[in-house]
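Novice: One letter stands for each residue in the lines below.
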Amino acid sequence: MSSVDKKRSNKLVNFITNPKYLMVLATIGIFCAIYLVGAVLYGDKGFTKLRTFAMLFVDNAYIGISAVGMTMVLITGGIDLSVAAVASLTGMFIAYGTTVLHIDPVVCMAFSILVGVLLGLGMGALVTYLKIPPFVATLTGMFFARGVCSLISRDSISIDNELIDAMAGWKVYFMTLKDGEWVKIKPVAYINLNVVLFIVMIIIGTIILQKTRFGRNVYAIGGNEQSARLMGLPVDRTKMMVYGFNGFCSALAGIAYALYVKSGWNLALQGGELDVISAAVIGGVLLSGGVGYMIGTFFGVLLKAVIPSLITFNGTLSSWWGKIITGALVLLFVALQQFVMTGSGRKKKSTKQK
Amino acid sequence: MLDHDVILTMKGIEIQFPGVKALDGVDFELRRGEVHALLGENGAGKSTLIKCLTGVNKMDAGTIMLEGREIRPTNPQNAMDLGISTVFQEINLCENLSVAENIFIGRQPMKRGQIDWKEINRRSAELLERFHVHIDVTRPLSQFSTAIQQMVSIARAVDVDAKVLILDEPTSSLDNDEVQRLFDVMRDLRAQGMGIIFITHFLDQVFEMSDRMTVLRNGHLVGVFNAGEITKLELVSTMIGKDLDEIFDLKRAEQKADAGQMLKADHIGVPGKVEDISFSQKKGELLGFAGLLGSGRTETAEMIFGVTRMQNGTLVIDGREVKINEPMDAINNKIAFCPEDRKRDGIIGDLSIRENIYLALQARRGMLHPMSRKEQDALADKFIKMLAIATPDADKKIRELSGGNQQKVILARWMATEPDLLILDEPTRGIDVGAKAEIQRLMLEMCQNGMSIIFISSELDEIIRCSNRIIVMRDGKKAGELNGEGCTQADIMQMIAGEKAGETA
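Quick note, the sequences are listed as chains A and B, same order. Each residue of the first sequence is one higher than the last, beginning at 0 in numbering that gives the first Met the number 0. Each residue of the second sequence is one higher than the last, beginning at 0 in numbering that gives the first Met the number 0.
Please keep in mind that the hints were generated in silico from the structure rather than gathered at the bench. Hints are supplied without guarantee of correctness; some may be wrong.
Mimicking DSS-like on lysine-lysine, the simulated pairs with C-alpha atoms at most 27 Å apart in a straight line are [what the hints assert, rightly or not]:
hint	chain 1	residue 1	chain 2	residue 2
1	B	K110	A	K10
2	B	K396	A	K130
3	A	K19	B	K110
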């Protein structure tokens, strides 16, 4: 091996064994493994077709959008239980606004986002300034949002609006060149506006977390809030912005969900916050804060999505197996986190005692 | 008066805390290129003075001049911007971030609106190189030893163009080599003209490093000395305001010849940790446990208290053979245990002194017999008076106390259960000379009153001073036994080193 090669391989080993990346690599690895299993078992039924893959995105984009904000909250060491309720409130605003009150959908969406950000900032203020544990603060936010949602309407409202229809119906098809002409591939595969939003949000989230001071402060707070304060970082402001951003993501996820189901319902997305949190956890975000990557969350969402897809392809298994496997995966990742984190922690402690 | 070499002057600093005047008219002066030790017992006001300089505490009176301009730092960041950097005792970095990021977070170099990671990693490596630390700066901080972490926090502190560097107990978690490395760095910085304020409990280090020393006592300035002007003994008595002889005039507890047997351990052990330990202890006897860290002293104590389950051997307490499987069994046999790491295993920081004291007694009485508030108050007041715990009242949170006073509260907790056997694991670590002497005096008093004490300590002089008999441990085994009377440090060290086989009892 030449010295350049050796250096490169050293770098690679360093990269893989770096606990920072270990969790993300595990997520990607497990996703690939499960996808491969599916490919082997149900390849003949079309599991490997691009359509199946694209549908993973289409069917879960709203969870992914919310998971972007949740990732950031989790990295600060917080949690947000209100995301699904806020998303459902957004859906209700849009459904009731456009269909019952006949308000312009753009206004409805802008209003929803405003409300989402304000709710996020409100909960952020409870957490930051009143030192209320995030679990409790966002629980109240959740009840508040569900309550307002039910006040508006207790029935499901189907959305009847041209612009919404147009947005929901907007699709980009995967094409292939056949006899010198572009034709849709068979079976038809497409992505829609929600998928674009999801991917754009993941990219924005990555840039914020990796390339801005604000993003790095988020990690520092999750690592050790007291230290972050003593290092002179703007802890309070950062936390407020994180919860505000998450409120924005919840509202955006609500819009995506409204486009997906084209209705608003006060009981929509019941328990959805746990789907979002588990997607982030499976993506390697540490529940105790300080560790996590947007790309991990991205694969976490996909990993969580591919399991029900596999079960559908199997055809005989009860769909509840999806929940069981998801639960097992969350457990696996939490255990893995414990192992990786305390493993490196213990090493340090032993040198301390020397 | 206008000395251009003076970089920082603090004049007439006063800080009032609820119930106590933490600082009362304290002056402090720091010159360019000097290491200035700030000394005093716990609670003398050193930390308060530093917190005042870094903007954590607000002063009630006084002025701070930095390079001739009056400053009023409002928070640590502000102080840092002014050129005052602090390295705190506890490492205040984020373990989840990389080494490089810990140095640069909050002031990252930016390129085209984005964080310039390459520059961060390059400059951090360069900076640490100056401190002779050669590590991969992209690795998370958690992977490195405390010493390296300490270096990283110093690197962070000095890279911000600091004029004044405050080192608050930087050496408390370092071993000797690491301390020397830190001192090299300090000498470099001093040569570059930085003013360094150095706070430490280790007087040897004070004498090795500092050019001048300022001594505080009870929030007052006691004196400023040049190195070489004062001996260690004089310094200590200045710090505590008493003569040394008076402090260390301790008499070993007298052993009654007819005292009954308290404890007999017969070949007890946990394979792989400690093996084959036998010893006996009389009532009212203070039994010292000496040996290196990790030689099995703590493990033996934990076995007797049931923290780790004994697998071999038998334990006879007060003439009865007993089985101790968990701490509750030990407590029921009237054994009490003060663990080594009081921050982790001992105090419950958010509870008050009163609650911390009655905890163990309440546990023994059981849930169904709660102590009334009146009983609790009486108990707490009794021990606060008896142990001279420095606090305005019993309802102060324990974490607001100094280390020595916290230790006394823990002692009180166990004394309240009126144990027959008290195990103290390093009860005097990290506390100052005066408090140390007080704790030792208390131990001896308790022995005199018939309590048996197992006293584990790394400091040979205090073991010798207090113990009736000394058990020396080596590599998880008992290396030998010595009489406290007439024993010297050399005897113990020889036994630890295994040069001379001790007579086994």
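Novice: Taking the hints in turn, state whether each one holds.
Specialist: Each hint tested on the structure:
{"no.": "1", "hint": "K110(B) <-> K10(A)", "in the structure": "25 Å, holds"}
{"no.": "2", "hint": "K396(B) <-> K130(A)", "in the structure": "19 Å, holds"}
{"no.": "3", "hint": "K19(A) <-> K110(B)", "in the structure": "24 Å, holds"}
Of the numbered hints given earlier, the model fails none.
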